[in-house]
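Residue numbers (this note's numbering), protein chains in the order written: chain A, 90 to 695; chain B, 90 to 695.
Calculated directly from the structure, the hints in this document are not laboratory data. Mixed in with the good hints, there may be bad ones.
[What the hints assert, rightly or not] No more than 20 Å apart at the CA atoms, straight line, and that leaves these computed lysine to aspartate or glutamate pairs for EDC-like:
1. A:Lys272 with B:Glu170
2. B:Lys272 with A:Asp115
3. B:Lys272 with A:Glu170
4. A:Lys373 with A:Asp344
5. B:Lys373 with B:Glu280
[What the hints assert, rightly or not] Partial selection, computed: residues in chain A whose CB lies under 8 Å from chain B:
6. Ala247
7. Ala249
8. Gln251
9. Ala633
10. His636
11. Asp639
If you're wondering where the values come from, they're calculated on a predicted model, not measured in any experiment. A virtual CB, placed ideally from N, CA and C, is assigned to each residue, including glycine.
Letter by letter, the chains look like this.
Number of protein chains: 2
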Amino acid sequence: MLDRLIVLDPGSALTLQGQIRQRIIDNILAGTFARGRRLPSSRALARQLGVGRNTVLHAMNQLIAEGHLVARERSGIYVNEHALAGRVGRGGAIGPRPASGASPLWARKIRTLLAPRAEFRCPPNWQLHPYPFIDGRFDASLFPAAEWREASRLTLGARAIQDWSADRGMADDPQLIEELRTKVLPRRGIEARPEEILVTLGAQQGLSLVTQLLLDATTPIAVEEPGYPLMRELSALRGARVLLQPLDDEGLRVDRALDEARVVYVTPSHQFPTSTTMSMKRRKALLRRAKARDFVIIEDDFECETTYLDRSYPALRSLDRSGRVVYVASLSKVLSPALRLGFVVADPELIAAARELRALQARQPPANNQRAAALFISLGHYDATMRRLARVFAERRTALLDALNHYMRSSLVVAPVRGGTTCWVRGPDHLDVNYLAAQAAQHGILIEPVAHYYAGAEAPHNVFRLGVTSLPAEHIREGVARLAALMRSLSRDAVEHLDGSRGRRLGADNLAQTIAGATLLSRTVYGDPCTVEIRDDGHLVGRAGFHDEDCDEGEWWVEDGLFCRRWRSWCYGEVGRYIPVIDGPQIKWFNSEGRLIDAVAIRLRA
Amino acid sequence: MLDRLIVLDPGSALTLQGQIRQRIIDNILAGTFARGRRLPSSRALARQLGVGRNTVLHAMNQLIAEGHLVARERSGIYVNEHALAGRVGRGGAIGPRPASGASPLWARKIRTLLAPRAEFRCPPNWQLHPYPFIDGRFDASLFPAAEWREASRLTLGARAIQDWSADRGMADDPQLIEELRTKVLPRRGIEARPEEILVTLGAQQGLSLVTQLLLDATTPIAVEEPGYPLMRELSALRGARVLLQPLDDEGLRVDRALDEARVVYVTPSHQFPTSTTMSMKRRKALLRRAKARDFVIIEDDFECETTYLDRSYPALRSLDRSGRVVYVASLSKVLSPALRLGFVVADPELIAAARELRALQARQPPANNQRAAALFISLGHYDATMRRLARVFAERRTALLDALNHYMRSSLVVAPVRGGTTCWVRGPDHLDVNYLAAQAAQHGILIEPVAHYYAGAEAPHNVFRLGVTSLPAEHIREGVARLAALMRSLSRDAVEHLDGSRGRRLGADNLAQTIAGATLLSRTVYGDPCTVEIRDDGHLVGRAGFHDEDCDEGEWWVEDGLFCRRWRSWCYGEVGRYIPVIDGPQIKWFNSEGRLIDAVAIRLRA
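Build out the structure end to end from the sequences listed, making use of the hints.
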């Protein structure tokens, strides 16, 4: 019996021994191995599972040492009677759990209403698309895995663990502060004392703490237009009036309109989202005005790490003699935003207040990651990775510019292209970028409309943004070529019929073989992303929504040369029958009359 | 020359190779190894440093691969000309950095004023004290180091890194959600669907998010009195009126006074800070009233993991049929608060709102730690560690009760002792606990006054709290004995003179030898903690304040049989001359007239 309860996965990252441990524990908790039950001998178990007896013995001994199992002399190994001690029964004594509908009207109880998020919601399955022209998403293939592993392992020594696991109160890791101070900040020309630095959960927490401290309903803030939508949201959460300040070729305009603001938020090194770099002259003008009008500047240097252009100006913070610049940055471009490591540099008084607020809202960023980051930087990996990224991104940027120049030359104006890895592409006046983006996604191409970066009335509806931080150079040309072809075809916009349809029609002979193992990428009619796995065993697994809120399973089969599918609840649980045509990265579904029903991106088995 | 710039530390956790890498990079960044400079041959360097040539070669090859150094054929190894590329010059072009005084009056610019923190500020050097009777501080010696290492290592495989380092948007690690759902929450009787769980940075972020969502100036909140000071602060930040609800033997009183509240905050499993467990009857009464009066309950189950008493009641959340309980907990007692792993379980609607707010304020808790925690739990280490902690804490609790019973029997009433590892000790009516705590700290004994847990007028000034979560059982008896003796001696309170002083006077023959390597633990007159290292080489290193804001260095020496010291700036930089007497864990400083000048805790070289 046990061999059915313990199924080992040869492809798992866990050792066989680890897997055996894990499965035995799962079974104890699930109650399938009852408390006090005797387990088969290690010899029998090893034979059943087809592994060495030592592997089983080691796993069991560890489980005994930890109290999950007990060994009784001359009798065998048993599940500990007390294995579940401390657990309490389900609350079912009083009644069943409520259906979600029984909730006490949370909409009325929630007092802080977040404005509907203006942010472009990149679908969570973006990495499965062949041509994700999305800027700022971290490309996991560029993560410095070996270097991070080296640094992380050093945090796992007994002495190191003792050190970081101890309760340090509100203080940050002094080693990380020192590395930031001596190796990272000098890159931006910034000198800082330890008490001027606070470690945060990415730049985002830095912005959140600073806006909470500096803004209220009486303190207007000026932000860039177009600009970072979440900064507008953070300001709105504080009830602050948001002034939209336009940009020009040199960056944020510095003029009278700023004087009303008590705080000015700016992204000088690469303006977000246009990538414009603020000129030196403008930087000085902004600082002069800040001093004259006594406003505070929040400098968001979110791309400080990927300065791969020649023109690299010192941060505003390094030019500021009056201490009124609050510098917010992160290690996310080098070390993945998933690690959430950022920092704020500001006057000690503001840092002290931010530290108190941070203590109240999250204590501090995890100490093990602070230590690992400190070691990563101290070993020189930070500088080395940045140099590598600069090379890679410069290459991708060149590939993007070349491709745009070749394929989109006649029909489009490319504007502005400065710094950054991002291009803004302006289409013909009548172009509806949202429609183009939806169509492109069906061809596996992700592009980003820009309207959500604007809070004012000026949002252009024929402009989209192409980023290449997540797209290898060798795919860029092909992606741009396909996008250009799509744009041309959309101006014709004929309804497609199976006869004369482009692509490879799948029939009884090759349908099952081609389509098994594939993944479909689409959007629901509500605009939610949707991923469907077509499994080898005839199963369908579907996940829709930004958090997989809506999942379903189903079956697929081939019948009379048609692809048939039936979901448990999606599509009313009815059987659908289709003729599939593979056209590049797209699959087109025709009905038996040859009418095109749907077309979505497909990723065939690798 | 190079051998002076590269000093290897045989005691370092880093390999020799790692140290060589680190030092070379330090020197490049500091400019001591100029760009383009030729390094000595690996052979010469190995000889100078006294390490194998391979060690040096490996370090250099890695630095070459990463671009810090370049090898030129038949010429040697050089510092890369471009090693500092991308760095900008110091902002000195415009002027020198401001003195802190030049700041733009932050006090006026900071709009969110945090109330002066009522929290008891445990000194950051508490671990150096021999008898820290402080509850809730994590004892790093109990950290499951081998188990955490195992789980962490599994996150460092190439496939695992690819997985967690990818940008997941706002979602948590589905593996961790699943482990919480199936292994952790059932211990508390809680069933939850994935969309009812949000991972947070410890319980603290959970409380912060929930109070931000549920409270504003129009929503009174009822909290326990005495209770968690930071919860009162979080409520005050939202401008909410805070109603103080008293406790009795069964926990929070459930009566009419609650009806005014829209939200009730409660710590039922071990009331914080009294450790009272809420009775089952009271739990049901609270839930009934919440439903009848339509208020929301925030259930803070901060000690959910260390339920080592027989009486373990299901969480309120598990008893709740109306979906109005918001459950907040953490993995901090098992996995150290330094890792910042907590979670909230609530209605999906509230969780969705909390997720949006979390995205705005910190994105999400770091993905590598989420994955490591998932593996830690799935391998059974969570349950095993909890069982181990339960044993250890039960033993410590018994030791505490025995010692109190023996040493404090006649003079004190011990109240209340229920659940938890904490005892409240009520002294004689005239006892000034703050004075006692200050005196005890000079004897290396840390105790916690309780007044800061009260927001009302009732705070008792003769009660202190003894916790043993950070104190090994074998030190507890001695610590209580010393505390009891101190309390007796304080009722006499005579001024001590060198003649007739208790302890071992240090003279010319043994002074330097005894005192070198010792650490002094004290408080400044402002109440800030202060640590002084008396180094072997005659150096003094002093750090004062909660964040080491105030540091100084100095020298010490022995002259005419007196201990002499001179700080650079502390004590006006004047020389002080003292006769030291060691009395147990205390050192007493007498002046040459034999008058006691100061007495502080000392930790002699181990």
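Each hint tested on the structure:
Of the pairs offered as hints, the one joining Lys272 of chain A and Glu170 of chain B holds, with about 17 Å between alpha carbons and a cut-off of 20 Å not exceeded. For the given pair, Lys272 of chain B sits about 8 Å from Asp115 of chain A by alpha-carbon distance, which is consistent with the 20 Å threshold. For a cut-off of 20 Å, the pair hint linking Lys272 of chain B to Glu170 of chain A stands: about 17 Å separates their Cα positions. Only pairs whose Cα atoms come within 20 Å are accepted, and Lys373 of chain A paired with Asp344 of chain A is accepted, the gap being roughly 13 Å.
Taking the CA atoms of Lys373 of chain B and Glu280 of chain B, the gap is about 18 Å. The hint holds against a cut of 20 Å. Checking Ala247 of chain A against chain B: minimum C-beta separation of about 6 Å stays under 8 Å; hint holds. Nearest Cβ of chain B to the Cβ of Ala249 of chain A: about 6 Å, under the 8 Å cut. The hint holds. Interface hint at Gln251 of chain A: satisfied, since its Cβ lies 5 Å from the closest Cβ of chain B, which is below the 8 Å cut-off.
The beta carbon of Ala633 of chain A is not positioned within 8 Å of any beta carbon in chain B (closest approach about 13 Å), and the interface hint is therefore violated. With a least beta-carbon distance of about 5 Å to chain B, the hint placing His636 of chain A at the interface is held under the 8 Å criterion. Annotation: interface hint on Asp639 of chain A violated; nearest CB of chain B at approximately 10 Å, more than 8 Å.
When held up to the earlier numbered hints, the structure conflicts with 9 and 11 and fits the remainder.
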